[in-house]
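Participant: Using the sequences plus the hints, can you model the full thing?
Residue numbers (this note's numbering), protein chains in the order written: chain R, 1 to 305; chain L, 1 to 323; chain G, 1 to 440.
All clues given are correct.
Estimated spans, in silico, between C-beta atoms of each pair:
1. R/V33 x L/W239: 21 to 29 Å
2. G/V316 x L/D188: 30 to 38 Å
3. R/I37 x L/N81: 50 to 58 Å
4. R/M212 x G/A67: 53 to 61 Å
5. L/L125 x G/D215: 35 to 43 Å
6. R/K81 x G/K150: 49 to 57 Å
7. L/I180 x G/K150: 55 to 63 Å
DSSO-like cross-link-like pairs, simulated, lysine-lysine; straight-line CA separation at most 27 Å:
8. L/K190 x G/K214
9. G/K337 x R/K159
10. G/K262 x G/K192
11. L/K190 x G/K262
12. G/K168 x G/K384
13. R/K216 x L/K138
14. G/K168 x G/K279
15. G/K167 x G/K262
16. G/K150 x G/K367
17. L/K237 x R/K19
18. G/K73 x G/K337
19. R/K126 x R/K209
20. G/K337 x G/K63
21. L/K28 x R/K120
22. G/K214 x L/K98
23. L/K106 x G/K214
24. R/K292 x L/K237
25. R/K209 x L/K37
26. R/K126 x L/K28
27. G/K337 x L/K79
28. R/K20 x L/K237
29. G/K252 x G/K262
30. G/K371 x G/K167
31. G/K384 x G/K367
32. R/K159 x L/K79
33. R/K262 x G/K63
Don't read these hints as lab results, they were simulated from the structure. Ideal placement from N, C-alpha and C gives every residue a C-beta, glycine not left out.
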Amino acid sequence: MDKKLMDMPNFRPNKTPVKKTVGEIVYHVIGIVLSLIFVLPILYMLATSTKGEVAYAESIGTINMFLPDFASSAVAFENYKSVLLDYDIWKYALNSFIYAAVVIVLNILINGLAGYAMAKLTFPGKRLLSFMIIFLIVVPVETSIIPLYSIVKVMLGLKQQMTVIGVILPAAISIFNIFLFMQFFQNIPKEYEEAARMDGASTLGVFFKVIMPLSKPILATVAVFCFIGVWNDYLWPAMILPSADDGSWPLLPIQTALITIKSIESITTGEIMASLVITSIPIFVIYVAAQKYIVQGFGTSGLKM
Amino acid sequence: MITSTIIIFILFLLAFGGFVAYDLATAKRRKEVYRVKSSATAYLMLLPSVALAFLFILLPILYSLGYAFTDYYLLEPNKINFTFLDNFKDLFREIAEKGMLYNAIKNTATFVIGVVPLQIMLALLLALFVNRPGFGSKIFKVCFFAPVVISLSITAFLWEQILASGEGGLLNSMLSVFGIPPHDWLRDPKTAMPCIILLSAWQGCGYQMLIFLSGLSNIRNDLYEAASLDGANRWHKFWLVTWPGLRSTFVYILITVFIGACRILTQPMLMTGYMSHTVTLSYYMYNSGYTERLVGESSAVALLMTIFIGGITLIQRRAFREK
Amino acid sequence: MKRFLTSIIALMLILVMSLGMVACNGGGEVGNEDLPTDSEGNTIVKIMFHVDKSSTEGQAYQKRINAFNAEYKDKGIKAQAIFKARSAGASGYETELQNNKLDGTLADIITFDAPNTAAYANSGLLYDISELIPKEDQDKFFSLNMYDGKLYGLPIQESSAGFFYNKKIFRAASIDVSGFTAENPWTFAQFKDVCARLEAHGVTAVDMRIDATKDETAPYLLYPFIYAAGGTFVSEDGYTADGYYNSAATAKGFQFIKDLIKEGYTSYSIGATDFFTGKVGMYLSSGWTIPDLDNKYRESFASRDDWGLLPYPKDVNAASATGSWSYAITNNHHADKTAIVELLKWMTSAESSRAITDATGMIPARKDAVKDYAVGSPEYTLLKQLELSGEERPVTVAYPTFSITFNQVIFGLNNSEVSDLLNRATTTLQDAIDKIKDRQ
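Facilitator: Here it is, written out as structure tokens:
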């Protein structure tokens, strides 16, 4: 719009910058107000993590909920120190990173291959599988955790340390990611593959050498959502992983440990919030770093249901 | 369990075999050919995902839907009796008597009708708002997405403090400046659901904003330029270029937001507890399965929900499918 | 569309067939087996706790287990503790129990929340220990986990609740409550009178946690009012709610709470920490608030001169809240229970009882483990009250449903008639009881 106005020959150019600046200011003011509404929970988390119990109790219901307590920086330091050192948060965080790394690799391999077969190859029975993909995206799964438990513990017989497999394998398959890969691969022009095939590449060769390098946005998207999924999951790991009874390295991921820490009698709200802040940092950093790719990933896949 | 799994697996193979045979037959009629080698590669590539999906997704779903016809009681997993349609009779009686399930259906419908348009509209507005170059818009984009990555339990707790009744609530104390008396937002049946709708839309729209943004990035710039040459204003451009360009993105968002909305559970659970004015279908399911331990009944609700959501989704797909 | 229909039919077929599978899938209990032994020939007894190992309570359990193992080394019994924090979600601990039962790995002793006694015993999860624990040992406990006339569990610790009050506010309003003790509780009328005077002094009278209707808090704290008014919730055998939950006496108990709301003495809008910051006169809570007042809120309550504890008010009866977690021997396939009973006796001994309550701040379950508290101290009030008027929550297989309906009644008190609320609650609870009863 603005550009067009400037291009018009009879337009007085000296007025444009003023109008534009006003527009910019209005835009940014609106943006800042909106942003504030959306970062409220973060402000609240950060502010509360600096407070002692009484300061927190007094701040409830006032605007102070969102403002840090500058008067007692020592409290803030204590909160973070006790969370990091007394409760071994870093051990659980490391676990979560390891689980996430394994899940991301498996997820991309397994679902990527499936998505490729669904998008680019023809084979009898394809229709049933594409119907199943939509069906499984749609079905509510809230109650299936009870039979899933039986499958992992009774049928596969995973016990003790082996239950780690029970955390990783179910997370390695995601129908939604197959769907994403499928949509993305469908939009890759045939010419790329055909060129590679002329050079004598096998189907797998095409997948790894041609398709994968072209699919960075969708890989990043899937990786980010895998990471967020593993990082935020707590109910399932809590159900199947053994808790560390004998002082060995704990197997629990971070969110499960957080829930346990929250239940410790002596913990203060400030400490709980400090632990939440610490656990939110990786997600936020990864999201900000990968945001560009996510937009690309969704964009190129077209997302046709 | 193992025998039943094997039998389900064989049935699955049979169903798959049936489809393969059907496809081969139609291909023959249409004189198309499936190459053996390419099909074999495809099967091999699909094998890991199909195996895992069968074991960890399909099987649990089939089991839990199968429990709908049994009297599975959480504490007696060794004693499951087949009760045919008893669970469904109980459910329909509860609906007829306007019990909790009736409220659950009513509230879920209210929520879906409220949140789907609101969340999609918010997401679209935010996407249009940040879809421009510049440092500011980049920061805004990150901010708008923030609630999506923060755990629901924190946001629910925060909103509980904001909406708290009496003068202790942040919203009430802000309203009192304008002389508006305090209101019990989450306890009043008239305001509880709207509050939950608002905060759910607020929490979730950042994600859809991102998807709309990727839809916007796909619209070619020359279309806008062409529209400009035709003298279109901002409003016209939106309806002539942007909106048609976002069509498939919109259908995708509509379907996923709808499915997500039908499953709403955490917000009412954390903010009001199991009360008739905010109970939802998923919450009813969770409560009867885990709290009251009646897994059979809970699975019956799950089965009805699956049929319902699946049906509506198919209607949506048909209605909005590109011609 | 046709193809689509075929896929639907195929899926339905799979589904229906799988149902048959599920239905025929029930297996019986595994036959009797001996307890497992370790490489040194010690008999292993497994015990499962509902708390995390790193919590103070968990550490106290571990210490007692270690002491047991040292003591019983010569007798060839070794206890092994499993910690499964119940905080991992309401369903986590119970799902663990049912699945352990399914795959035959159920621990020999488990901990469980007292209101679950009926449901667990009824489903065959717990073992009847009436014969295994001598009568004179049973008498040493304040309460026992009985169902259907049989003993199914021994409490780990006891709990009781009461009205914490802000002495500074009471002094300023010159209200004297020193006459109200556990031995001589105040009446409903006296309670209302104190509320009125606090209100006249300009503070909210009492936080009764009527807003805490999302979990067990409100039922646990408020059910004694109904018993005090002479009401009940279910019949003696626990299978009939109609005529009990909706009886006139029960309605009277709820009406008392409703009146308090109507008069403005209490409300749903009291902030969770308002009592601790000195905005409310009284606060209904359990013993676990004592350490909070002693340590966390020093700014408002410098010492015990600033706060005190009052018992539950009485009407036709005196009644107070009880019930905590208990130990039970499970009904797994281990036939020989002697080693298991040894461990159970050890964990419920006076020494263990004291060690665990020292860590949790709760009341010991055994009368002989109780320390001598100064007469009039908050701990003394709770203990005396427990001894004189403690009454457990209703014993019914559908306890979770009871808890939900109780919450719904409290939630609705402000806007609905008590009788309507109780009729609805009765129907819901009776339905749930019948569903479980019909399975047998």
